[in-house]
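Colleague: In order, the protein sequences belong to chains A and B.
Residues 1 to 461, numbered by this note's numbering, are exactly what the first sequence covers, in order.
Residues 1 to 461, numbered by this note's numbering, are exactly what the second sequence covers, in order.
Be careful, since some hints might not be right.
No copy labels: a pair is met if it fits in one copy or bridges any two.
[Stated by the list, open to error] EDC-like, lysine to aspartate or glutamate: derived pairs with alpha carbons at most 16 Å apart:
hint: 1; residue 1: LYS386; residue 2: ASP355
hint: 2; residue 1: LYS254; residue 2: GLU265
hint: 3; residue 1: LYS63; residue 2: ASP87
hint: 4; residue 1: LYS322; residue 2: ASP347
hint: 5; residue 1: LYS344; residue 2: ASP290
hint: 6; residue 1: LYS133; residue 2: GLU230
hint: 7; residue 1: LYS175; residue 2: ASP395
hint: 8; residue 1: LYS31; residue 2: GLU432
hint: 9; residue 1: LYS401; residue 2: ASP355
hint: 10; residue 1: LYS133; residue 2: ASP108
hint: 11; residue 1: LYS55; residue 2: GLU219
hint: 12; residue 1: LYS31; residue 2: GLU264
hint: 13; residue 1: LYS273; residue 2: GLU230
hint: 14; residue 1: LYS177; residue 2: ASP421
hint: 15; residue 1: LYS170; residue 2: GLU447
hint: 16; residue 1: LYS350; residue 2: GLU236
hint: 17; residue 1: LYS449; residue 2: GLU264
hint: 18; residue 1: LYS450; residue 2: ASP166
hint: 19; residue 1: LYS170; residue 2: GLU281
hint: 20; residue 1: LYS353; residue 2: GLU388
hint: 21; residue 1: LYS386; residue 2: ASP347
hint: 22; residue 1: LYS449; residue 2: ASP141
Keep in mind the hints are simulated off the structure, nothing from the lab.
Remember, it's a predicted structure, so these values are computed and weren't measured experimentally.
Protein chains: 2
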Amino acid sequence: MKLVLLSGGSGKRLWPLSNDARSKQFLRVLKNVDNVQQSMVQRVWDQLSEVNLHKDTVIATSKSQVDMIKSQLGDNIPLIVEPERRDTFPAIALAASYLYSIEGVSLDETVSVLPVDPYVENHFFSRVKDIEKTLDYGDADLALVGVKPTYPSAKYGYMVPAEVRDGYIKVSHFKEKPNESEAVHLIEQQALWNCGVFGFKLGFIIDLLKDNNLPIQYEELLGQYSLIPENSFDYEVVERTSNIVALPYEGDWKDLGTWNTLTEEMSSTVIGKGQISKDSEHTHLVNELDIPVNVLGVSNALVAASPDGILVTDKSASTRIKEMLKQNEATRPMYEERRWGWYKVLDYTKYDKGDEVLTKRICINKAKSSSYQIHYRRKETWTILKGEGQLAINDALRTVKPGDIVEIPPGTKHAIYGTTDLEFIEVQAGSELVEEDVKRVIMNWEEIKKHCLNKSTSMIV
Amino acid sequence: MKLVLLSGGSGKRLWPLSNDARSKQFLRVLKNVDNVQQSMVQRVWDQLSEVNLHKDTVIATSKSQVDMIKSQLGDNIPLIVEPERRDTFPAIALAASYLYSIEGVSLDETVSVLPVDPYVENHFFSRVKDIEKTLDYGDADLALVGVKPTYPSAKYGYMVPAEVRDGYIKVSHFKEKPNESEAVHLIEQQALWNCGVFGFKLGFIIDLLKDNNLPIQYEELLGQYSLIPENSFDYEVVERTSNIVALPYEGDWKDLGTWNTLTEEMSSTVIGKGQISKDSEHTHLVNELDIPVNVLGVSNALVAASPDGILVTDKSASTRIKEMLKQNEATRPMYEERRWGWYKVLDYTKYDKGDEVLTKRICINKAKSSSYQIHYRRKETWTILKGEGQLAINDALRTVKPGDIVEIPPGTKHAIYGTTDLEFIEVQAGSELVEEDVKRVIMNWEEIKKHCLNKSTSMIV
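Model the full assembly from the supplied sequences, consistent with the hints where possible.
Modeller: Rendered as structure tokens:
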């Protein structure tokens with residue numbers, strides 16, 4: 001069986017900790033068995049590894065999350081990068097074409113698709129593993145996973161059973177987001193919540209692509225991505241399929257997509273610098289800033305602080321943050337994790353004549369490096385804070401250490417490599433400080449080094 | 001009549017906006033008649049100017065507030081700087097010796113002492129002006145100002161009248177901080193709250209110094225400051241004086257010393273970047289950070305954010321902040337106003353081997369400058385952001401503009417002058433980043449310039 005994890009989400013609902021580059025699934029607010037803080041993505045990855053499913057897994061995601069996934073899960077997981085954000089059907093179609101034409105997976109192979117961040121117990125993934133044999137045994141087109149409702153929610157999809165068999169059910173029909181009294185009735189009919197897992201034979205989706213006159217070769221489909229119907233898999237496929245089975249799962253199943261649900265699973269009431277007074281009951285604090293946050297006499301609240309902003313909300317009101325953010329000015333992300341480490345914006349100023357100055361604190365992780373790159377419209381100045389690194393600058397190599405200053409005028413080729421974790425302050429000054437003002441000459445440090453050594457040798461000779 | 005304003009206060013009660021250098025009186029949370037934000041000190045100064053008392057005023061304060069006062073009120077007000085923080089009696093005694101021996105004020109002259117930050121109506125200062133004639137007319141040693149109590153407070157001092165005369169009262173006795181039922185009884189006796197104003201003939205205090213075998217010459221008293229009884233003026237003088245009159249004042253009189261009282265007078269519910277949802281009733285936000293603060297569904301709260309930290313408090317609990325701060329690690333102030341402008345700490349890191357790196361954003365105000373100084377244990381790197389300035393570095397002069405980088409190794413003489421408001425990022429790196437690591441060679445920019453020009457001429461010749 002092959003697994004496809006869908007990593008989506010724009011991330012406004014957990015502002016200010018989430019932004020376009022850092023969706024909720026990447027927030028390190030949970031704890032693993034060793035008491036190390038981890039994100040939802042990391043938790044799911046650990047759970048997949050436990051049942052040995054991780055080695056057959058690919059992740060479908062958008063460009064903006066690639067660096068974050070690599071930073072949290074490592075470099076070795078195959079990523080299917082959507083050229084634009086559409087919906088779950090296009091994402092799953094692209095993943096299917098990848099498995100078929102790039103990995104050469106057989107059309108008979110079972111593929112299970114699941115969200116990257118369900119908050120579930122370990123044995124949820126045993127049920128996912130059971131999808132393969134259930135598809136065969138039940139002779140079905142689609143296998144889903146269902147969980148017993150704990151209350152008549154109007155937020156979820158319900159699967160009504162036609163017949164309960166040995167270890168799975170035949171699904172009669174679906175009801176998406178019923179009202180509360182309908183939900184009560186559905187629960188009486190033994191309906192299960194749909195957990196967002198889809199299992200099918202690869203051929204089922206490949207056939208569907210053919211039926212839609214869409215290419216089944218990955219590269220080709222990538223080029224026609226904008227032609228794939230922008231629809232959810234639920235509406236585009238599940239609703240149109242009659243032969244569906246569901247595997248019941250008994251246990252916790254939560255969507256930690258709002259502050260209210262997330263704080264219930266937080267590893268501690270205070271994460272980061274700060275204090276909550278004893279009489280502040282059921283209050284949580286998540287602080288990613290370096291300054292302390294003190295909460296005094298405010299109950300049932302969430303206080304979250306990050307370089308993007310500060311939220312103080314009653315937990316019951318937290319879902320309204322999306323609405324409120326529309327009033328905020330658009331700003332650049334103030335913190336990002338990248339494949340080479342992370343950066344934090346310390347200061348940004350735009351001046352009258354259009355000149356801009358951006359000050360960042362940057363960390364290049366040990367044994368990682370930036371690409372060998374050139375900026376045309378800005379000058380950069382680095383002050384090395386911590387650690388040791390190697391610098392490639394206009395084809396010369398040198399080591400850098402704390403206190404060193406590196407000046408990078410516009411048009412200068414430069415790359416930096418962390419011999420250890422390496423931190424520095426970067427001051428960018430120029431007329432247009434955008435991420436796009438970069439020409440990447442060489443990506444890989446070993447090649448950058450080789451290039452520079454060749455240049456210097458030839459200069460000597 | 002001479003006026004002495006006492007500017008004290010350590011400033012923990014309005015954390016995080018106040019710190020040791022910026023007491024509550026300097027917070028710009030009020031608005032003047034032209035709708036410009038102003039601090040309590042600035043408000044009082046405007047009110048004094050209105051009745052033309054400002055030109056006879058000196059300010060007694062501590063070293064840590066000198067730069068702040070100059071920044072907010074200008075350079076031209078005589079300051080009496082206490083060599084250490086003691087209490088109001090030593091501060092007033094020092095001010096009296098200054099008036100006597102430095103300004104040559106006559107012993108018959110009336111001196112009125114008042115706190116720098118009472119929140120009062122303009123005609124309060126007309127009453128202060130009346131102190132002079134009332135002292136004479138009532139033939140009293142001390143004249144105070146009293147306000148009619150609005151409730152039986154246990155926080156204030158009460159003056160019980162012996163006799164009500166024309167425009168003033170003879171005081172029978174005092175009761176400091178009575179309990180509530182005592183206060184009810186005092187109010188029945190027509191007692192007034194003591195507003196903290198003390199009026200006397202200069203000779204009265206000079207005699208008192210003599211009686212205590214303390215010097216009456218300013219410089220001498222300065223040297224023996226630690227010998228002056230560490231006591232409040234109320235206990236040391238007022239309680240021991242029998243011949244006291246009080247001038248009644250009718251109007252608002254408030255001590256904006258807690259978040260609860262301060263927010264009542266704030267110019268707007270939101271100061272700085274951010275929003276408060278409509279259903280957050282009686283909630284105030286003061287944000288000095290560059291990032292937005294969003295408050296959702298939390299009523300009766302105060303949210304205050306500054307580079308020193310973030311406070312989220314129910315207004316009724318806000319006085320407990322002092323207590324809570326004892327748990328916070330001690331940190332350096334993250335924002336300070338100085339006589340030359342201001343700075344804000346962007347980042348501070350201490351590394352394993354004791355190396356430290358401090359990144360600041362600094363503004364040198366137009367026509368102001370730093371002193372010509374040397375640091376021995378740190379290197380500084382400046383990246384000019386905005387404006388234009390003149391730099392003196394090891395006796396050479398040059399202009400600086402945005403994008404310029406200035407490297408200042410340890411042992412380098414340097415000063416910077418703002419031709420316009422001049423902003424730059426400063427990265428300090430060294431083994432001991434303390435304000436004390438500075439040798440000031442020349443204070444005044446004109447002299448620095450002259451010095452450098454002389455040097456360069458002699459080098460040319």
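Colleague: Next step is simple, just say for each hint if it's right about the structure.
Modeller: Evaluation of the provided hints:
1. In this assembly of identical chains, the alpha carbons of LYS386 and ASP355 lie at most 16 Å apart only when taken from different copies (9 Å versus 29 Å within one copy).
2. For the identical chains of this complex, LYS254 and GLU265 are intra-copy neighbours only, at 10 Å inside a copy versus 46 Å across copies, given an alpha-carbon limit of 16 Å.
3. In this homomeric assembly, LYS63 and ASP87 come within 16 Å of each other (Cα to Cα) only inside a single copy, at 14 Å, whereas the closest approach across copies is 63 Å.
4. Taking the closest pair of Cα atoms, LYS322 and ASP347 never come within 16 Å of each other, the shortest separation being 25 Å inside a single copy and 30 Å across copies.
5. Within a single copy, LYS344 and ASP290 get their C-alpha atoms as close as 11 Å, and across copies as close as 14 Å, so both meet the 16 Å cut-off.
6. When the C-alpha separation of LYS133 and GLU230 is checked against a cutoff of 16 Å, the pair qualifies neither within a copy, at 31 Å, nor between copies, at 86 Å.
7. In this homomeric assembly, LYS175 and ASP395 never come within 16 Å of each other (Cα to Cα): the closest approach is 63 Å inside a single copy and 81 Å across copies.
8. For a Cα distance limit of 16 Å, the shortest separation of LYS31 from GLU432 qualifies neither inside one copy, at 41 Å, nor across copies, at 37 Å.
9. Taking identical chains as interchangeable, the C-alpha atoms of LYS401 and ASP355 lie at most 16 Å apart only when they sit on different chains, with a minimum of 12 Å there against 30 Å within one chain.
10. Proximity of LYS133 to ASP108 under the C-alpha cut-off of 16 Å is restricted to the intra-copy arrangement: shortest distance 12 Å within a copy versus 105 Å between copies.
11. For the homomeric pair LYS55 and GLU219, neither the shortest alpha-carbon distance inside one copy (23 Å) nor that between copies (81 Å) is at most 16 Å.
12. Proximity of LYS31 to GLU264 under the C-alpha cut-off of 16 Å is restricted to the intra-copy arrangement: shortest distance 13 Å within a copy versus 43 Å between copies.
13. For the homomeric pair LYS273 and GLU230, neither the shortest alpha-carbon distance inside one copy (43 Å) nor that between copies (37 Å) is at most 16 Å.
14. Proximity of LYS177 and ASP421 under a CA criterion of 16 Å is satisfied in neither setting, with 48 Å inside one chain copy and 59 Å between copies.
15. Neither within a single protomer nor between protomers do LYS170 and GLU447 lie at most 16 Å apart by alpha-carbon distance, with minima of 56 Å and 92 Å respectively.
16. Within a single copy, LYS350 and GLU236 get their C-alpha atoms no closer than 46 Å, and across copies no closer than 56 Å, so neither meets the 16 Å cut-off.
17. Neither within a single protomer nor between protomers do LYS449 and GLU264 lie at most 16 Å apart by alpha-carbon distance, with minima of 49 Å and 64 Å respectively.
18. In the homo-oligomer, the alpha carbons of LYS450 and ASP166 never lie at most 16 Å apart, since the shortest distance is 62 Å inside one protomer and 96 Å across protomers.
19. With identical chains, the CA atoms of LYS170 and GLU281 are never at most 16 Å apart, being 45 Å at best within one copy and 53 Å at best between copies.
20. In this homomeric assembly, LYS353 and GLU388 come within 16 Å of each other (Cα to Cα) only across copies, at 14 Å, whereas the closest approach inside a single copy is 38 Å.
21. Proximity of LYS386 and ASP347 under a CA criterion of 16 Å is satisfied inter-copy only: 13 Å between copies versus 20 Å inside one chain copy.
22. For a Cα distance limit of 16 Å, the shortest separation of LYS449 from ASP141 qualifies neither inside one copy, at 53 Å, nor across copies, at 85 Å.
Comparing the model with each earlier hint shows violations of hints 4, 6, 7, 8, 11, 13, 14, 15, 16, 17, 18, 19, 22; every other hint is respected.
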